[in-house]
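Spelled out from the first residue to the last, the chains are:
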Amino acid sequence: MNPVNYLYLSALLFTIGATGVLIRRNAIVVFMCVELMLNACNLAFVTFSRMHGNLDGQVIAFFTMVVAAAEVVVGLAIIVSLFRSRHSASVDDASLMKL
Amino acid sequence: MENLIALLVAAPLLGAVVLLCGGRRLDAVGHWIGTLLSSASFVIGVVLFTDLLGKNAEHRTLMQHLWTWVPVEGFQADVTFRLDQLSMTFVLLITGVGSLIHLYSVGYMEHDERRRRFFGYLNLFLAAMLILVLADNYLLLYVGWEGVGLASYLLIGFWQHKPSAATAAKKAFLVNRVGDMGLSIAIMLMFTTFGTFAFGPVLSHVGDASEGKLTGIALMLLLAACGKSAQVPLQSWLGDAMEGPTPVSALIHAATMVTAGVYLIVRSGAIFNAAPDAQLVVTVVGAVTLLFGAIVGCAKDDIKKALAGSTMSQIGYMVLAAGLGPIGYVFAIMHLVTHGFFKAGLFLGAGSVMHGMNDEVDMRKYGGLRKYMPVTFITFGLGYLAIIGFPGLSGFFSKDKIIEAAFAKGGTEGWILGGAALLGAAITAFYMTRVMLMTFFGEKRWQPDENGHEPHPHESPRTMTIPMIVLAFGSVFAGGIFGIGDRFLHWLEPVTGHEEGNSPVSALTVTLATMVVLVIGVAIAWAQYGRRPVPAVAPRGSLLTRAARRDLLQDDFNHVVLVRGGEHLTRSLVYVDHTLVDGVVNGTAASMGGLSGRLRKLQNGYARSYAVSMFGGAAILVAATLLMRAV
Amino acid sequence: MSATAVHSLWTTAAGADPISKIPTPKIEYGQLSPTLIILGAALIGVLVEAFVPRKSRYYAQVFVSVVALCAAFAAVVALAADGYGTTKAHIAAMGAIAVDGPSLFLQGVILLSGLVGLFTFAERRLDPEAHGNRVDSFAAQGASVPGSDSEKAAVKAGFTTTEVFPLLLFAVSGMLVFPSANDLLTLFVALEVFSLPLYLLCALARRKRLLSQEAAVKYFLLGAFASAFTLFGIALLYGYAGSMSYATIAQVVDGSITNINPALADTMGNDALLLIGGAMIVMGLLFKVGAVPFHMWTPDVYQGAPTPVTGFMAAATKVAAFGALLRLLYVVLPGLRWDWRPVMWGVAIITMLGGAIVAITQTDIKRLLAYSSIAHAGFILAGVIATTRDGVSSVLFYLGAYSFVTIGAFAVVTLVRDAGGEATHLSKWAGLGRRSPLVAAVFAVFLLSFAGIPLTAGFAGKFAVFKAAAAGGAAPLVVVGVLSSAIAAFFYIRVIVLMFFSEPRPDGPTVAVPSPLTMATIGVAVAATLVLGVAPQYFLDLANQAGVFVR
Amino acid sequence: MSFPLLTATAALPALGAVATAAVPAARRTAAKWLALFVSLATLALGIVVLVRFDPGGDRYQLTESHPWIADFGVRYELGVDGIAVALIALTALLIPFVILAGWHDADPLETGSKRWRPTQGFFALILAVEAMVIISFEATDVFLFYIFFEAMLIPMYFLIGGFGDRAHEHGDEAAATQRSYAAVKFLLYNLVGGLIMLAAVIGLYVVAGNFSLAEIAQARANGTLHMATNTERWLFLGFFFAFAVKAPLWPLHTWLPNAMQESTAPVAVLITAVVDKVGTFAMLRFCLQLFPEASKWATPVILVLALISIIYGALLAVGQRDIKRLVAYASISHFGFIILGIFAMTSQGQSGATLYMVNHGISTAALMLVAGFLISRRGSRLIADYGGVQKVAPVLAGTFLIGSLATLSLPGLAPFVSEFLVLVGTFTRYPAIGIIATFGIVLAALYTLVLYQRTMTGPVKPEVAAMPDLRPRELLVVAPLIVLLIFLGVYPKPVTDIVNPSVKQTLSDVHKKDPKPSVEAAK
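Chains as they are written, first to last, in the working numbering: chain A, 1 to 99; chain B, 1 to 631; chain C, 1 to 551; chain D, 1 to 523.
Calculated directly from the structure, the hints in this document are not laboratory data. These numbers were taken from a predicted model, which means no experiment stands behind them. One should not assume that every hint holds.
DSBU-like, lysine-lysine: derived pairs with alpha carbons at most 30 angstroms apart [as the list claims (entries may be wrong)]:
#1 D:K391 x B:K162
#2 A:K98 x B:K162
#3 D:K516 x B:K213
#4 D:K493 x D:K512
#5 D:K493 x D:K516
What follows is a list of derived Cβ distance ranges for each label pair [claimed, not checked]:
#6 C:D254 x A:T19: 31 to 39 angstroms
#7 B:L602 x C:H425: 16 to 24 angstroms
#8 C:D254 x A:N5: 55 to 63 angstroms
#9 C:P53 x A:A70: 23 to 31 angstroms
#10 A:T19 x C:N261: 34 to 42 angstroms
#11 A:N5 x B:R629: 34 to 42 angstroms
#12 C:C70 x B:V631: 50 to 58 angstroms
#13 A:A70 x C:D254: 31 to 39 angstroms
#14 D:S2 x C:S515: 44 to 52 angstroms
#15 C:C70 x A:V4: 51 to 59 angstroms
#16 C:L438 x D:S2: 39 to 47 angstroms
#17 A:V4 x C:H425: 50 to 58 angstroms
#18 D:P472 x B:S164: 32 to 40 angstroms
#19 C:L438 x D:G379: 31 to 39 angstroms
Even glycine gets a Cβ: it sits at the ideal position worked out from N, Cα and C.
So that you can see chain A by itself, here it is in the shape it has in the complex:
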């Protein structure tokens, strides 16, 4: 079947992730949505790699996973510390600084 459909799928996933970031309050969920976006990118990479018949895309996919993992480490650390200090993981509560 035509690999282009995978691209549509990845675009869809990416959009879903982005929308999630925009509408969800819980920092963890927001963060998961970001991960979803990253994975959408991975799908795109693999697909393109397939289309072009070279391996770069797939290699990148691995890199992306690693980066994502690193992000998780850092992100969770921050979010958890925030959660512990204000007993809520809602991104909207963290709005002391404005204007």
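Once you have looked at the hints, place chains B, C and D on chain A.
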């Protein structure tokens, strides 16, 4: 010889500098220094005069180039003095009368602790006036022109603690500035027309210039003359100028400065000759002013103001004469000189009266003073006879000639002008008689003032009487000396030029007519003020009288239109500047602040809304990029 | 291509010699030495954390980092002197890293601002000693909850978060790679490598920890969001060109590529991939430089983060990001100039105006500087848009000048303190010029430089970029820039007025006497500001020589 | 290469500023003397420049040229023509008086006021301004000029904002805020002007490729450098705007009254007599020389604006209640005359304008400084608070009167010559404008004499009864200025001789010839 000319100016100038910068240590001798230097200037004048008389007519012009004043590409102004018959006449008048009045002031200002400065100002005036008449180009003349303005400003306002004096001084200067504006525009016009403004080139090239330009120049010069010589419509300052010490009124506002306008017109005769329309305007101004002044003079109870009105009217005569062209120039100057004598004398007399009456100026509080101050009475009387044109005295010769000349203008103009001049003569006779009667005749009308001082009228000291006597001689004989055998005419003719008008009426008729109106004037005055006692408080009087008391409402007009209007204008402009011009700027700043405040709200602290803006931004970015490709 | 063919991509026929199939990568270690040194030092730092006793960690860390940064800078200088910036400029590490003028110049700037920033990190004299221990501006223990017993205990025990030093080094290493990355993958990895440590650093303030953590969360989430976009853009671009290497993509974009296989021919036809991909990558970079409308994290993060971190971040991040942006636009997408220039015009204009206008009503000095940095991003963009060699060098110069002034300004901010730590509210700065004229004067110098008053670095930089922009045919941009700097002048002046012409508050802050470290920072900054302002020629020459990208 | 005289003239006060600032706080008197000495030394150098300058020689003399920022096409190029020489001399001449007049303006206030007045700072800033002004007169490189044209704002800003009227600031917060408003207004106005000019400067670079006045002018002359009409106009406007703000020209004038009102008299003199001159000077040197065609294109509008400034400024001066504001508006009116003279593009007009800059500097200094002495005695700027001063302090009143007379340009005093030249120069080409401008002289008489009458004459107000007359120091400040006013009034030749050749060249830059008189009467 010509090197002496500068000394004429230098002497009084030196006096002014010394006296004004000298400080208190000169208080004791200041007045003598001033008098000395002014008389020194007079002596030099006499020396030069004799020298001129020694030469024959066409060589009677001395030039002294001192230095180049303003050298700019195509614009050359020199400090050069020109001494010819015309300026010589003025030099003698100015320094002569000036020295006398210096002498007079020694006594008059005795009790003023600022006497030194007074003499400094007087010397300053002399210097400026001499520059005015000696200048060889209009720009230098302008220097003298405003210099005398400054001096008169300082002297009118000499008693600065009196607000009225300060105001009068300011008014005088401002009104004169309007005139000066005329002068400077005239100079600019000359520059554009002739490329220079030196007397010689300009006056000799008048023929090549278009009449329109010449008329413009002439009218601007007339405006200047009106300012200095208190001619309608710029006459309003002269009456108030009487706030100054009387010697000042005598010297500046009677004998010399106010006649500068006449000098200007006569000096620029060539231009006026080539601009008949302008000349007509000049004559009209003169005629109107001579009546205006005379009428005002009739109504004033303040002796100095009455004399001021008279001055105005007499100068009206001169301007009228000057406007008549070559027929009148000489007589204008002649009347100017004789007037210089008798009017100065009259003012000094008035000053002497005030001196004896604790500075009382209201004639209704005088009366019967002839017994108390005989010298003053006699000198004043002679001046009186001279001004009303009593046969044989100076006024008779000069004024009579002017009236003749006016008729000689010919045509309806001639009749109108001549008629006006005659009428003026009659009114002159009336108001001068009135002054005479109210002051020296009738019963004594003075009472003790509020703090109980009864004035003790007494004759003035020698320093004051001597000048009065000398001037009295002048007012008696000057006319005769000048007039008989047309000496003055021949003296001035080379400069001013002269031609005999063809008068519709004979000289004799004019003289007789003048005599008649003179008698009528005197008779009316006698009927009103001689036979029955003068009321100590002025009666309400007719409408005309009341208007005349207020200078024919001129001041009220100025006040309402110029002063009030000006105040409103400036006040509204201040408002505009603050709210509009400045407001725009502050407004911009404020609106920036407002915008900032509103945009700031977008930064609402919610991470998700930030994400929205990023997402939107990304969308726009992508869309825009695609769009760019599309178009 | 057939399925078998694809299959043969990752299965090798038996019997063949597998070793010979994979060529050993050729890495020019010498030319990468700056980055490698920093990375190595960072790893050492980690080891230090693990093995060196707590008491002496601080000194060890400071020592290691200083040495590393100096060494790395020396390496950069050596490379530049060796001509790698100009004649020998080329692509290293199998096409992953470009060693050329811009990258060396920017690496130099980043290293210097890293070093200067490090001094402010290491400052321990500003806060009063807690329980007899010198404290720096970082949390005693990042993990402990603010105000909790554990935190008190940590403070009592005199803990200090010496991890900040290796974190700083990691960030620096990422930044070093970022502008010199020569393929999209390296770009992305570098982006993350310098972003993640910054996220952490933001969270580690000693005072106002809630704000600090909030800043970290915002920065992290938005940063991750942005990098997701970047990554997707990379994916699309890869899809378009079938390669990650800048050079190849550039060739594909301007159609000068030779060996076109059918698949490539297929995707090449689809410009949407290219345009959308390019736009998304650019967007990620614009986020990092804080251009409107991707700027909204800037004020909050700048305010919340520990001031030394803010200073370092504000300076170095901008440098790295603009470096990457330049390379992307000049090396990868020059073929697309006519597409992205108008868009960038718009971005630059709203960035300049937006930053300046919103700054007018700020009341917190750190936020104020944040908005000012946004406005400056706009000015730099004007230079980027020029798309001429002058444009590149002017941007390089501007970045150099700007980074020093910024670090200096934030260093001064750390000095003005009251009971609650730094007194960042503007009202508290009233009359500072009376209390301590010197500090106020120094800060005034920085503000004037920001405002672009002649004889300061700011003016030279501004003139350079505007000149390039005008020469590049962007005169309207220059006018807008001039107007917005007029607006900007207003709030810089406001601060000066506040410091010098208004009466000091009785409860006003005190100015702490810093250690030689901060003094050095400020001194360097002032010196740079004035030297670059009065005699910029030498540095302009540097920037000029460095103004050429290698392809 | 010879001794860099021009650099020295500018560097001396700069170094002096640094030295003065470095004087320890306790030794404030020493700082004052140092500053005075430096300013006098600068005056000496200025005189040397004046002497070394040869009116008949090249256009730019005493030139210096060194590479500076090659990358921006900027060279460190100095050189003076007659106009610059005159203005440098004026600046160097006025500063000592400014310092002497401000001798006590920066002393710490008596107890009860927290106002912060570092004496050293005050005098250092004055010297700094002098240095910058002088170098911007000397610069023949547009960029170099621009830099100091802008940088000048900073010290001026601190002078205005930091050192208000002693009279008005006994720790009084309202006064302080007013003052800083004035300072900010001054700075922003001029900064905006300067930034707009910056755009034009950049544009100029893009068009011309370098900033050397001589080179550009020459390239334009011999056609190697062509500017599109619109480009030239835009650039001209950019430059002119900045200068018009500085000058100031209506309607960009509103910063001046605030600034002069709030600052001490010496600083006010610094603003109007020295700093503002840079604006008018720059119009003459840069606008006309770089953009001759555009200048001619804009002339009608500029003339009208100048005319408005003349009348408007004078009328507003009449309406003022505050002595310093009055002088400020008077200056606006006078700047109108100067700009009128410049753009009339006749030799009389431009020579007059240049002369006017010098004379206005001296006359305003005289009037403003005396006014300052008066204000410092009574502690009020309001005209209504005075009256009868003439009786108690005759010398003060006398000097004040002379200052006023100079302001209304009385013949015999310096300003008359220049004002008349400007009027004539304008009249020869634009009679109507010339005539309307002449009304200015009447209004000038009005506001000066009204001021004099209200403050000096009339009955003595009790508050001024005990007012002391001028002290020796103050007399030392005023007397030389008055002497100068009179001298230049009767013998302006020294100045005109220096100025005329440069004006001639400027006119040839714009290809303008004086209108010829209809009758060739002059020999």
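Consistency of the hints with the structure:
no. : hint                                : result
1   : D:K391 x B:K162                     : holds (11 angstroms)
2   : A:K98 x B:K162                      : violated (69 angstroms)
3   : D:K516 x B:K213                     : holds (15 angstroms)
4   : D:K493 x D:K512                     : holds (24 angstroms)
5   : D:K493 x D:K516                     : holds (23 angstroms)
6   : C:D254 x A:T19: 31 to 39 angstroms  : holds (36 angstroms)
7   : B:L602 x C:H425: 16 to 24 angstroms : holds (22 angstroms)
8   : C:D254 x A:N5: 55 to 63 angstroms   : violated (31 angstroms)
9   : C:P53 x A:A70: 23 to 31 angstroms   : holds (29 angstroms)
10  : A:T19 x C:N261: 34 to 42 angstroms  : holds (37 angstroms)
11  : A:N5 x B:R629: 34 to 42 angstroms   : violated (25 angstroms)
12  : C:C70 x B:V631: 50 to 58 angstroms  : holds (53 angstroms)
13  : A:A70 x C:D254: 31 to 39 angstroms  : holds (35 angstroms)
14  : D:S2 x C:S515: 44 to 52 angstroms   : holds (50 angstroms)
15  : C:C70 x A:V4: 51 to 59 angstroms    : holds (53 angstroms)
16  : C:L438 x D:S2: 39 to 47 angstroms   : holds (40 angstroms)
17  : A:V4 x C:H425: 50 to 58 angstroms   : holds (56 angstroms)
18  : D:P472 x B:S164: 32 to 40 angstroms : holds (36 angstroms)
19  : C:L438 x D:G379: 31 to 39 angstroms : holds (34 angstroms)
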